[in-house]
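Work out the full structure, taking the sequences as your base and the hints as a guide.
Residue numbering for the sequence shown follows the working numbering, beginning at 2 and increasing consecutively.
Note that these hints are calculated values from the structure, not bench results.
All C-beta atoms in this analysis are idealised placements derived from N, C-alpha and C, irrespective of residue type, glycine included.
Wrong hints could be hidden among the right ones.
Taking CB as the label site, the calculated pair distances span [stated by the list, open to error]:
(1) Leu271 - Asn116: 37 to 45 Å
(2) Pro170 - Phe233: 45 to 53 Å
(3) Ile10 - Gly102: 14 to 22 Å
(4) Ser203 - Phe233: 42 to 50 Å
(5) Lys188 - Leu281: 35 to 43 Å
(6) Ile162 - Leu11: 43 to 51 Å
(7) Gly119 - Leu24: 19 to 27 Å
(8) Leu24 - Phe186: 37 to 45 Å
(9) Ile62 - Leu17: 12 to 20 Å
(10) Leu27 - Phe155: 41 to 49 Å
(11) Leu126 - Tyr152: 39 to 47 Å
(12) Asn157 - Pro202: 43 to 51 Å
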Amino acid sequence: MAKYIVRRILQAIPLLLLISFILFTLMQSVGDPIATLGDRSPARADDRERVRRQLGLDQPIFTQYLYWLVGNDWVKIDVDGNGSTNDEVDTYGKRQGVLRGDFGNSLAQRQPAINVIGSRIRNTLTLMITAEVVIISLSLFLGIYAATRQYSFFDNLLTAISFVAFSVPVFLLALLLMYIFAVNFRKWGLPYFPTTGMFDPSEGRTFAQIAWHLVLPVTTLSMISIAGYSRFIRSTMLEVINSDYIRTARSKGLSERRTLWVHAFKNASLPLVTLIGLDLPFLLAGGVVTETIFAWPGMGMLFVNSLGRS
Numbered sequence: 002m003a004k005y006i007v008r009r010i011l012q013a014i015p016l017l018l019l020i021s022f023i024l025f026t027l028m029q030s031v032g033d034p035i036a037t038l039g040d041r042s043p044a045r046a047d048d049r050e051r052v053r054r055q056l057g058l059d060q061p062i063f064t065q066y067l068y069w070l071v072g073n074d075w076v077k078i079d080v081d082g083n084g085s086t087n088d089e090v091d092t093y094g095k096r097q098g099v100l101r102g103d104f105g106n107s108l109a110q111r112q113p114a115i116n117v118i119g120s121r122i123r124n125t126l127t128l129m130i131t132a133e134v135v136i137i138s139l140s141l142f143l144g145i146y147a148a149t150r151q152y153s154f155f156d157n158l159l160t161a162i163s164f165v166a167f168s169v170p171v172f173l174l175a176l177l178l179m180y181i182f183a184v185n186f187r188k189w190g191l192p193y194f195p196t197t198g199m200f201d202p203s204e205g206r207t208f209a210q211i212a213w214h215l216v217l218p219v220t221t222l223s224m225i226s227i228a229g230y231s232r233f234i235r236s237t238m239l240e241v242i243n244s245d246y247i248r249t250a251r252s253k254g255l256s257e258r259r260t261l262w263v264h265a266f267k268n269a270s271l272p273l274v275t276l277i278g279l280d281l282p283f284l285l286a287g288g289v290v291t292e293t294i295f296a297w298p299g300m301g302m303l304f305v306n307s308l309g310r311s
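So this is what it looks like as structure tokens:
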């Protein structure tokens, strides 16, 4: 088993390097990272060229990727930005690369990029983990409940809602939830959910404030996944319920509750582990849209704002 795990890890290294190079190339083609030198006002052309040479952005894309990956402390850099690395002022670089924990510096926020990421990734993880817990819990409950009441009114209603929810885009679902539970609820004099930010500045960053602000973003992220996974759990549960060992358990006099939750539930929930792993990329992709719409201060909003500056 250990040899298999080591072999799989070694096989994954070239794939990870290839994916990181493709993503690095795509990000470099989105815009000019020093178009405004981290400010709103456009920089002069000669200033941009000088900074581009100082940062090594005039190098071929593979060389830039190599500097990003392993650093540039093994080559001389153009410190004065005059196009030559043979001057007396030119020294070896100071970047150590992401493999050694150096993510560089943010031109926009003028601080190490790892600090910028660290301040945002906690908020994204809060949103993602909460959404995943909601997805797993409701998918299991709705799927099993529908399977035990096959072709009932609830089962048919859940099927219809699932098909509709699964076909709604994330951005449209977010806008609908905002319109109903924020705009209209406020208009009707009902308690309404906040639509922006992570907490009310006047109340402070408390658990209650964060939980209250999480309701709409988590609902947006989880509803589509719940629609699909509840159907999957339902079909898996129906297959397990109709299997021979469940009929044997019933024939031995076990209660229906014990048969379902002790014997059937274990096997029916196993495929959900695979689905959770497959769901993480979709959550991250949907998180970019969700964080932008709800102004949630996470990695998705940071990514969109960075693209806007470029």
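Outcome of the hint check:
| no. | hint | verdict |
| --- | --- | --- |
| 1 | Leu271 - Asn116: 37 to 45 Å | holds (41 Å) |
| 2 | Pro170 - Phe233: 45 to 53 Å | violated (21 Å) |
| 3 | Ile10 - Gly102: 14 to 22 Å | holds (20 Å) |
| 4 | Ser203 - Phe233: 42 to 50 Å | holds (43 Å) |
| 5 | Lys188 - Leu281: 35 to 43 Å | holds (37 Å) |
| 6 | Ile162 - Leu11: 43 to 51 Å | holds (46 Å) |
| 7 | Gly119 - Leu24: 19 to 27 Å | holds (20 Å) |
| 8 | Leu24 - Phe186: 37 to 45 Å | holds (41 Å) |
| 9 | Ile62 - Leu17: 12 to 20 Å | holds (18 Å) |
| 10 | Leu27 - Phe155: 41 to 49 Å | holds (45 Å) |
| 11 | Leu126 - Tyr152: 39 to 47 Å | holds (40 Å) |
| 12 | Asn157 - Pro202: 43 to 51 Å | holds (46 Å) |
In terms of the numbered hints stated before, the structure departs from hint 2 and from no other.
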